[in-house]
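Engineer: The residues making up each chain are set out below.
Protein chains: 6
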Amino acid sequence: MSTISPPQNPEVNPRVKAVFDDIRATRGNDFVNNLWHYLAFDAGLLETTWRDVKGLMAKPSHLDPMTKELIYAAVSIANSCEYCIHTHTAAARAKGMTDKQYAEFLSIVSLAGRTNHLLNGIKVPIDPEFDHENKD
Amino acid sequence: MSTISPPQNPEVNPRVKAVFDDIRATRGNDFVNNLWHYLAFDAGLLETTWRDVKGLMAKPSHLDPMTKELIYAAVSIANSCEYCIHTHTAAARAKGMTDKQYAEFLSIVSLAGRTNHLLNGIKVPIDPEFDHENKD
Amino acid sequence: MSTISPPQNPEVNPRVKAVFDDIRATRGNDFVNNLWHYLAFDAGLLETTWRDVKGLMAKPSHLDPMTKELIYAAVSIANSCEYCIHTHTAAARAKGMTDKQYAEFLSIVSLAGRTNHLLNGIKVPIDPEFDHENKD
Amino acid sequence: MSTISPPQNPEVNPRVKAVFDDIRATRGNDFVNNLWHYLAFDAGLLETTWRDVKGLMAKPSHLDPMTKELIYAAVSIANSCEYCIHTHTAAARAKGMTDKQYAEFLSIVSLAGRTNHLLNGIKVPIDPEFDHENKD
Amino acid sequence: MSTISPPQNPEVNPRVKAVFDDIRATRGNDFVNNLWHYLAFDAGLLETTWRDVKGLMAKPSHLDPMTKELIYAAVSIANSCEYCIHTHTAAARAKGMTDKQYAEFLSIVSLAGRTNHLLNGIKVPIDPEFDHENKD
Amino acid sequence: MSTISPPQNPEVNPRVKAVFDDIRATRGNDFVNNLWHYLAFDAGLLETTWRDVKGLMAKPSHLDPMTKELIYAAVSIANSCEYCIHTHTAAARAKGMTDKQYAEFLSIVSLAGRTNHLLNGIKVPIDPEFDHENKD
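Residue numbers (the numbering used here), protein chains in the order written: chain B, 36 to 171; chain X, 36 to 171; chain U, 36 to 171; chain A, 36 to 171; chain W, 36 to 171; chain F, 36 to 171.
Simulated from the structure, these hints should not be mistaken for lab results. One thing to keep in mind: the hints can contain errors.
List of simulated lysine to aspartate or glutamate pairs, EDC-like, C-alpha gap at most 20 angstroms [as the list claims (entries may be wrong)]: (1) Lys158/B to Glu82/X; (2) Lys130/U to Asp166/F; (3) Lys94/W to Glu164/X; (4) Lys135/W to Asp99/A; (5) Lys89/B to Asp87/F.
If we take Cβ atoms under 10 angstroms as the criterion, some of the chain A residues that face chain U in the derived model are [unchecked claim]: (6) Asp65; (7) Thr83; (8) Val88; (9) Asp166.
We put the beta carbon where it would ideally sit given N, CA and C, even for glycine.
Make the full structure from the sequences, and use the hints.
Structural biologist: And the structure:
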């Protein structure tokens, strides 16, 4: 159950059509997933969201594409964002993630959840050796 | 301020000494960071924590070492675990992360935080295309 | 799927009936939403929850009614509480929120999610200028 | 660094004094911890917070006192609330928690953090056997 | 909707069969819940997860069985892990939790959620009295 | 302790200087808070962060300025982002928030934290009445 209704014919709005066309062109296929249909209720929100997702996730950069999706999915798991978990897990697979790598990814995310809770419980003081400023 | 006091001479306990020795051997240096000193208040907790961190993070596997640290750090940021953020950011640097890659990592973590909140707010229904079971 | 079953005829319990009657009177209609039906499994929990929600959200106070619902919904999004997101988004609409305001609300919640993650990642020290005690 | 300054002489306000006196009487000692000094900036917020903490945590009930503190501390760890972690860990100790029990508590909280992340990552469907309604 | 498909005949893999057999033997019944069926996509992940859950939750220890389930459920609620909430609430009931105790458990979890947010909002400094190190 | 060192003379980089100048001009004073000094380690990250914060928070829009800061602060509290809590609580004060309003804001954030945990614990099904799509 969603809090908004996606517009019936979103592409009658030329700003929405421009974003949808760019999504299709960037991805090289015709599938526009639900997220963008729902965001189309407000063209400005749609435009800024797509601009930033495209700018960061859809072109060559300093980190490889699969690693970027894994970072994204890891945060989404910690935040319990089900939609983001599904889309970025699927994207990581599309960018080459094997089942073995996925099992290892889940193990690391889980280990982080475990030590995060352990350390938040104990509140261990941070070693001065990890102070980046003083190491430079 | 921590909820426990680390034991004064932890290595008089042979189980603690065995873990500390293995930490030093695995990492190839003498530095044993605070986490392990604090966990030494309970040898069992120290042993199982080190066993799992070592097993997953310290040996060759299906994901490269820097990617593993970035996944770990990403979860730690979403969970606000300050100690884990510092140690795993430092570990990512030690495994080759450049400043450009760190800025990109932070951008992706932040973008995920943003879209996680956006999608948790709207509760967009998940597209059937992301259903892994039905795609197989 | 819920962890408890709502009582079949909750209003045979006079304490439950008194709360349900007050919900109807306060809101000026007959709709008692699921939350209260489920909480009716324990009259004490029902009474204290309604007392505090009514006391804070249902009468004139220092913040305007729509702002109060937006604050409530913002926390609920960050906590991934789907039921609360739906009820308080609906309440904000009932208190005058337009689609333009909702899109802006979502943008701010998302921006906060983004900078929260960015700053939790970097752990920027807090400027002394923000120390309320020293400014007085 | 706090967002508010605690009032200098809070007990000149008779409503604040009444709460502080009740805190001392309930606990049987003269120590009023920082939380209450800071909340004293608004007598109403102080009164309702103390009323509810006292009502739930300070008298005999259906769960034993140490278990109640452990539940409280567990949530506080997952929410990264440092002040609450310190006060409720201290309270659990005061109510009998041994070091062995504390190590086990931390292990369970950490295991929960780990499986929470694992299951939020996979999104395993809930077994119908756990549906309370259909079992009754 | 899950991100993975559980293997059709998981017990043809002898490592999976060994874990499933141990789950049945440990619990004294034939029910193997969904979690283990899904984790069976990777035998290693299945083995380490079961090893740690069994080691901590399924045998006599320093905390009583119901208290352990309540701690686990409390963390799962704070982390919005729906599957874990259902399984550990059910387990707490199986280990003796009454409706009155469940209502009290929910009240404490909720009170913690409330004061966690209150104190994270104000950032009250931690009293030196709660510093375990300086008290010893 | 931060994970990065802010550049010593950030404004020798013309892209950084342009952002700092715009921050000063937009706010009408010379104070550039720590966040921007730290982000200056990467000009691109600095530019996109400032662009979006300015675009959303610094000009007239559909929600009033104080409400916008309260929404931002509410999310930051739920996410335990200490830096954001301090800056946006200060900004809300600068935009007119009184102590009475702040106490009410904290009460609503806390009430939301409480009912979020209560409802995440029970998993109450969402009433069809809150389904926006079917109401239109």
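Engineer: For each hint given before, does the structure comply? Return the numbers of the non-compliant ones in rising order.
Structural biologist: Checked against the structure, the hints that fail are numbers 3, 6, 8, while the rest are satisfied.
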